[in-house]
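Place chains F, X, Z, W, D, Y and A with the ligands on chain U using the hints.
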Amino acid sequence: MLTISTGNNAVAAAVRRVKPAVVAAYPITPQTEIVEQIANYVADGSLDTRYIPVESEHSAMAACIGASITGSRTFTATSSHGLLYMNEMVNWAAGARLPIVMANVNRALGPGWNVWAEHTDSLQARDTGWLQIYVSTVQEAYDAVVMAFRIAEDRRVYLPVMVNLDGFTLSHITQQLYVSDIDGFIPPMELDHRISPDDPHGYGCMTGPQDYFRIRYDIERSMRESYAVIQETEKAFADRFSRSYGFTDEYRCEDADVLVITLGTLGKEAEVAVDMLRDEGIAAGSMRIRWFRPFPPLDTRDRELVVIDRDYSFGCGGILADAIRAQTKRDCFSVIAGIGGQEVTYRDIAGFVRDRRIGEEYWFGVDA
Amino acid sequence: MLTISTGNNAVAAAVRRVKPAVVAAYPITPQTEIVEQIANYVADGSLDTRYIPVESEHSAMAACIGASITGSRTFTATSSHGLLYMNEMVNWAAGARLPIVMANVNRALGPGWNVWAEHTDSLQARDTGWLQIYVSTVQEAYDAVVMAFRIAEDRRVYLPVMVNLDGFTLSHITQQLYVSDIDGFIPPMELDHRISPDDPHGYGCMTGPQDYFRIRYDIERSMRESYAVIQETEKAFADRFSRSYGFTDEYRCEDADVLVITLGTLGKEAEVAVDMLRDEGIAAGSMRIRWFRPFPPLDTRDRELVVIDRDYSFGCGGILADAIRAQTKRDCFSVIAGIGGQEVTYRDIAGFVRDRRIGEEYWFGVDA
Amino acid sequence: MHEIRLHSRGGQGGVTAAKLIALASFRDGKYATAAPFYGAERRGAPVVSFIRIDENPIRIYSQIHNPTHVIVLDITIMDVADVLVGLAPGGIVVLNSPKPIALDGYKTYSVDLTGIALRTGLVVAGSPILNTPVIGALAKIGLFSVDSAKAAISEMFVDIKNQEAALAAYEEMVV
Amino acid sequence: MHEIRLHSRGGQGGVTAAKLIALASFRDGKYATAAPFYGAERRGAPVVSFIRIDENPIRIYSQIHNPTHVIVLDITIMDVADVLVGLAPGGIVVLNSPKPIALDGYKTYSVDLTGIALRTGLVVAGSPILNTPVIGALAKIGLFSVDSAKAAISEMFVDIKNQEAALAAYEEMVV
Amino acid sequence: MSGLQETEYILKCTSACAGCSTSLILRHVLAAAGPDTVLVIPACCTSVIQGVYPKTSFRIPVYNVAFAASAAVASGMSAAFEAMGKKTNVIAYAGDGGTVDIGIQALSGALERETNFLYICYDNEAYGNTGMQRSGSTPLGARTTTTPEGKGHKKKDLDRIVAAHSIPYMATACSAYPKDLAGKVEKALATKGPAFIHVLAPCPPGWRYPAEKTIEMGKLAVKTGVWALYERMYETVVISGPTKAAMIKPTPIEEYIKPQGRFKGITPETITTIRLDSERMLRRLAAEEEGSC
Amino acid sequence: MSGLQETEYILKCTSACAGCSTSLILRHVLAAAGPDTVLVIPACCTSVIQGVYPKTSFRIPVYNVAFAASAAVASGMSAAFEAMGKKTNVIAYAGDGGTVDIGIQALSGALERETNFLYICYDNEAYGNTGMQRSGSTPLGARTTTTPEGKGHKKKDLDRIVAAHSIPYMATACSAYPKDLAGKVEKALATKGPAFIHVLAPCPPGWRYPAEKTIEMGKLAVKTGVWALYERMYETVVISGPTKAAMIKPTPIEEYIKPQGRFKGITPETITTIRLDSERMLRRLAAEEEGSC
Amino acid sequence: MRERLALSTPVMGACGKTGTWRVFRPVVDREICNACGICSLYCPDGVINEEDYSIDLDYCKGCGICANECPKKAITMERE
Amino acid sequence: MRERLALSTPVMGACGKTGTWRVFRPVVDREICNACGICSLYCPDGVINEEDYSIDLDYCKGCGICANECPKKAITMERE
Ligand SMILES: Cc1ncc(C[n+]2csc(CCOP(=O)(O)OP(=O)(O)O)c2C)c(N)n1
Ligand SMILES: Cc1ncc(C[n+]2csc(CCOP(=O)(O)OP(=O)(O)O)c2C)c(N)n1
Ligand code: SF4
Ligand code: SF4
Ligand code: SF4
Ligand code: SF4
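Those protein sequences? They're chains U, F, X, Z, W, D, Y and A, same order as listed. Heads up: the first sequence runs through residues 96 to 463, numbered per the working numbering. Heads up: the second sequence runs through residues 96 to 463, numbered per the working numbering. Heads up: the third sequence runs through residues 2 to 176, numbered per the working numbering. Heads up: the fourth sequence runs through residues 2 to 176, numbered per the working numbering. Heads up: the fifth sequence runs through residues 592 to 884, numbered per the working numbering. Heads up: the sixth sequence runs through residues 592 to 884, numbered per the working numbering. Heads up: the seventh sequence runs through residues 9 to 88, numbered per the working numbering. Heads up: the eighth sequence runs through residues 9 to 88, numbered per the working numbering.
Looking at chain U on its own, in the form it has when it is part of the complex (with noise of 0.2 Å):
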């Protein structure tokens, strides 16, 4: 069905496709009608699910987590301070091989209040063992929804999988929307390890040195294997609904000298950028990168590269020029902007590319 949507109705459109036995959540702006939209679909009984009203995000994930455990299928949303707020249980979720499936909404961090869109709160969790995808339309964000679950609930993942959206500026867009019935597209969930009074076990127990060694190589091990399962499944998807997506997005990069590379809604603007740099003469192309965690290999080959993060270190850099730098070794002009919402547009993208001081780093507007 071909529909038009937000972005945050799209998460709950593909939430109520995927019907999860539980969804525990707690609002933020710019997250919360997904919320909203699941307590409806509960309400109006077009989803089928438990959904629990938490007082918190730290209790949202550990909802999730007590009901994952169980062998049920989870789902949660939030952004910004929410995350920060779970952090020590979306750690958690990850150790404990959980594959709840999370939605975040990109948003900018406090003080001062700020509720546009930035990638700091999601990479911050970068290190916990969630995959992490960035979508950059509505659709995408349908997509990713689902495939998410498929790809988490996974045995040789069994790892839980994080959607980033843009706040406000993916969250709030309408877009057009295909929805559609994706009847066994996701096996129905399976743990190995699920929690049974059936077989009684000590979960989580203190675990010494070596063994928590092991536990956490495995970790890793799931992650690298997770490669596979992406591909598998994205390769699914597209056999069975004709819409195809990789670990990044490329566009027009074949033939390119120089590559834009972003994460979410920033890259479909450079591909606009590029198309008007292309037309300057300028072989640019741009590289959005889908999937932060696992990190995918890159092909930059010997191109300039033009690295924008929404997002930042501090005392470091940007984090995904710092990424692209540690797997490229090569140099990149750095460019921050868009943090806290901040606008950048095509044009501001072409003006990047073709001032490009490689080596450097930029924040847009402020910096001399």
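There may be inaccurate statements among the hints.
DEER-style ranges, computed between Cβ atoms [as the list claims (entries may be wrong)]:
id : chain 1 : residue 1 : chain 2 : residue 2 : range
1  : U       : 292       : F       : 305       : 54 to 60 Å
2  : A       : 39        : D       : 835       : 33 to 39 Å
3  : Z       : 67        : F       : 377       : 20 to 26 Å
4  : A       : 37        : D       : 855       : 32 to 38 Å
5  : U       : 285       : D       : 770       : 40 to 46 Å
6  : F       : 305       : U       : 370       : 26 to 32 Å
7  : F       : 397       : U       : 374       : 40 to 46 Å
8  : Y       : 17        : W       : 842       : 44 to 50 Å
For lysine to aspartate or glutamate, the following DMTMM-like pairs were computed, each having C-alpha atoms within a straight-line distance of at most 20 Å [what the hints assert, rightly or not]:
id : chain 1 : residue 1 : chain 2 : residue 2
9  : A       : 80        : D       : 807
10 : D       : 646       : A       : 66
11 : W       : 677       : F       : 287
12 : W       : 646       : F       : 306
13 : D       : 770       : A       : 59
14 : D       : 745       : W       : 826
15 : W       : 855       : U       : 139
16 : A       : 81        : A       : 39
17 : W       : 677       : F       : 143
18 : U       : 424       : F       : 456
19 : W       : 770       : Y       : 58
20 : Y       : 80        : W       : 807
What the hints contain is simulated information worked out from the structure, not anything from laboratory work. Quick caveat, the model's predicted, so the values are computed rather than measured. Beta carbons: idealized from backbone N, C-alpha and C, even for Gly.
Just chains F, X, Z, W, D, Y and A with the ligands now, kept in the frame of chain U:
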């Protein structure tokens, strides 16, 4: 005065000399003695501080924030889950430009429960705007806490400082300690933006994108200025107390062909390995990173790099290795070792260097 | 590409109007996006929404600085904000006004949406609802077809008053 | 470098004994570190501590696998753990035992620390405290000087019984 | 700042909704507290209505803090002012969500530690700032955006929870009785140690009634006995005048429920439950005032 | 597993301290609950005493969780089991710190949402796991490692806080009365909706008394009236036998205080305060039982 | 330095001229008004002068509380 | 896969033979014991058999509760 002390007690002893007006802290293994010792000092009258026995770490940092914004010197200490639980307020403290000093006793993250050393806890907070230092001896812990206050409270910085020490390995080991009279070393705290009814302002109000962006940029500016403040402070400290420190602690690096790069106590153990390797004819050196934020410029020239991470970012790699790769734009041999208190001896470290496979990652002891 | 800026006040239904415009365009077989510009605003405070309509998928998320169309659901906003900023000479302006207003250099259309809403009984909590009426007016200037306008309204609203109000606006709008 | 492994049970003061050894060595002008190996143990459970003593600053933090000395404050631990593991032939063993125990291939010293503690009244919550007595015994084998032993004890304890017990152990220890 | 009364610490105007009782409450709280006051405000309507940086409409120092943190931040501030020998009033001003839900841990801790501060919870019975989701303080049967069919759980009894901490001063108040409120604020600030005031704050968009009825709603809450006004000094209860009156001759509860859109579709059984709970609360208060428990 | 009674769900042995009443309580809780039970345990002594991976001494499923999270994790579990149509008992078993301090938010939220679970707080009146720091539940005057001179604040009244949530079943118990405890656990598990039991858990190293006196201490707590045993179904209170007896002829409170090392140096005034508070609590319970409030 | 630290400064009209939000305007009939002060007490935005009961229409949001509460019915709300 | 997921398995003696912790050992005088079962009820570690009241000394920690609570004083604690 020359005495013996554990790492934890050295931190408490330094706090006693520094005389914060308010300490709010919550116990957690292996940080507990710091809190207990401070409570003792307050009870026996040797420290004139308001000790607030908060009910959680979120509140510990919140109380520190409330105290600090009045212009009062403030300290706290935590570890592992405590740091995760206060994560929202950790971000807040930096965003609010408050010179709070916190000792973090590095410990692994559950599940399973594991109380031993690992750096993932504090490294997960590396984007928050806190300065971070990692120490390796009891004396260094003491000295770092003293210097941390002077650095944090410098108006060029006005950012919080986290002093990290390895759980048990350093927190519970007994070594010699010089406890010195530090009078005058730290100027009285003057917080330009302290809250006061005499000059009413709103703090942390809603902030639009452009202002927010500038204010965030200012954090990074102060982070950059902090390089100079750290250097000045370490110089002043050396002049007065004859113990000198730098951004890194380098041992036999000048003529080395291969560098072992570490954080915390592993850096001392690495020195012993270096001596062993030198005896074998391998020109090794040890580079222990002390300040992780701001991340220092490293002089690694063309030497081979063996980086040991007692931490991990799942789906990406060792966090220190990644930082080194991003800065040096060179490959390294990335060793993951010591997580969850896994024992790593100088012999093991020598082995890492001998068997280095530049460009690869190796999980010590579990990876085939 | 049509780039439309819509001015309204919190509570008048501007955000929904933007969605309706996108949906109607979409039923016309075009691509469209509608984005509210969110401040921390309360009922009564001025609100802006942006709508883009194009033959091709729209990849631009930033605000519209040079609209092709400006729609003003509450003309008192014109006292406090320059609603015409960025609009190119000859650009289209649609005003909710009982009497025609001429704006030099622009194609200006006036229509009494408030009157229509009140007349058709489209009132919620004392406030006239303007989002469906304005769709009728915009169909009249050919932003989308009448059928698509009807379809869009029926997808989002069940109350038939909405269709009536839109039809009334379509008919009253003088082009 | 002396590398000492000290076995005791939670509640017997093994951790403090290790600190005292470090402090005494330190008052001898040497460098020393003392590290407990922490498990999640309760009173009564076996506990191990490590002490290193050297002329130079000690940069090793890892456990001691090949001790030069083994001290056992509670010989019942020998039933459940191999306290001699890693000790080189000819290594030194100090046992808290009322009667001499011979361990083939090691220099073994036995001393009745429990008896001494009970005799001097060094008892807390019903348990004899062994940490100061053992210091006397170790001074006797020359791990540090008697003066340094006394200094260390007086820095950490005010109760004179501790000095007395250490002295008694020094005297009773047969070398 | 001409044309402004001395005791007005809120400058014209905040961006609160028209008819917002939360702003009305704050006006009177600040007037009673006077200028030597610092406000601590978590995420809530009040954090938003101040205005956008670099301006604010609040003419006293306001420290905005994270949602869960107000009581703890106020603890730190209070300790620091004490250490300096300052008598500055530290007032945490938080919504019901920031108090009964995410903020209860910090509040309970601060009370247990006998923190010297005043905590005011203004209770609009939902998450106003984020657009009216249910809170623990939303009453049974009320529709919110997350309880589209009416809430199935009862309103959390914040006052009994606070009373369990046996603090030197606590009180309830209502925006429709500003003088009563002001008097209670003054008493609270004169208290050494923790003080707490819980103020009912009718909210036009949340409760779905026309803005001009804000005062009416508050009065009806008290007159019907749904909301009781009283003070509690440790274990001693003193019921305030308007509630005393309501106990004698209560207005039927329907008069309070009916005008509110949020109660649309409420069943008679739910109304009865609310009424019985109110009656039980009043009986308990009366017994406590008498000292019979 | 020969030689083990059917109803023993704790295998010989945990690593609890000798004389630990927390283990004793758990033994009896599990025996009463039976095998179709899942335990949720936050960081506390009980999370440690199970043993070290890959072994555990608990013969039922135990989900160890973060310190603040037990009630919320249990909420999720309970909802999931309900969705599956399973009747499995979900029991959160948490220390006082994990309940009255860092865990109160999650507990209060779960109660307000009428979660179908049993929450048991075993109260050793300090943070045992980390070596006896004060908790909100530490009594006035008790020495802990963070209150070396004796705690200056009163014990937080958890039971009144829980009672404020008006839940279908709550009770207090004490390790010295295991049959009373077991009966209460059975009633609690038969309850639909939230149930809560608060169990006093004397702790030899924390309270500083010889291990063999664990049962004595518990009995003294009840006999002196410092600890009251009762049940509460919504607003109805039923006082349990041992407390009924203590109300008639209480043992002097000093007999409870004196043997405990943690009360060393306590002043007579503090003892009086504790006594008066106990008496007030008993009076209130008696009045509640009578229905006079 | 200080301005880098995001301190908001109290100013009149910090949230704009909220009078523009108004749909209905309060009009006081001076003949009927007995200066009881109730309107001023209850105005959530404090825009009614406490001395002369004049209403600052630059900021009055038109909520209608004053008109509703005026015991003399001296205030009427008129469409803007 | 499953073993990678850190599940602890219930086994007797999971925390070791805690009998080694003991300083004093409970000794039951069968002559005096009237099989009331109080010792077994109160043993925190459940090491007293509920049928024959034999004590499993591999695990008994020697806390002394049984001796202290035995109404018949049938149990004495003897130094190991
Ligand atoms: C940790 C966290 N979670 C969620 C939010 C989003 N949030 C901000 S205010 C608010 C609701 C506030 O409700 P209440 O405390 O009742 O105050 P009101 O808005 O009604 O004045 C929410 C959910 C946040 N800022 N931080
Ligand atoms: C967030 C967090 N903070 C602190 C800790 C450390 N910690 C673990 S258990 C504990 C105390 C537990 O006390 P209580 O709940 O009373 O249980 P008990 O140990 O007495 O059984 C503390 C402080 C932790 N694990 N997590
Ligand atoms: S939502 Fe309610 S409480 Fe919030 S500003 Fe509006 S009227 Fe006031
Ligand atoms: S500290 Fe106390 S509660 Fe914890 S295991 Fe020991 S006796 Fe039991
Ligand atoms: S209408 Fe409302 S805002 Fe205007 S003066 Fe009257 S009470 Fe105040
Ligand atoms: S001494 Fe303690 S552990 Fe041993 S049998 Fe008696 S009660 Fe049980």
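Status of the hints after comparison with the structure:
no.	hint	result
1	U:292 / F:305: 54 to 60 Å	58 Å, holds
2	A:39 / D:835: 33 to 39 Å	37 Å, holds
3	Z:67 / F:377: 20 to 26 Å	23 Å, holds
4	A:37 / D:855: 32 to 38 Å	36 Å, holds
5	U:285 / D:770: 40 to 46 Å	42 Å, holds
6	F:305 / U:370: 26 to 32 Å	27 Å, holds
7	F:397 / U:374: 40 to 46 Å	43 Å, holds
8	Y:17 / W:842: 44 to 50 Å	46 Å, holds
9	A:80 / D:807	16 Å, holds
10	D:646 / A:66	18 Å, holds
11	W:677 / F:287	18 Å, holds
12	W:646 / F:306	12 Å, holds
13	D:770 / A:59	18 Å, holds
14	D:745 / W:826	14 Å, holds
15	W:855 / U:139	16 Å, holds
16	A:81 / A:39	11 Å, holds
17	W:677 / F:143	17 Å, holds
18	U:424 / F:456	16 Å, holds
19	W:770 / Y:58	15 Å, holds
20	Y:80 / W:807	16 Å, holds
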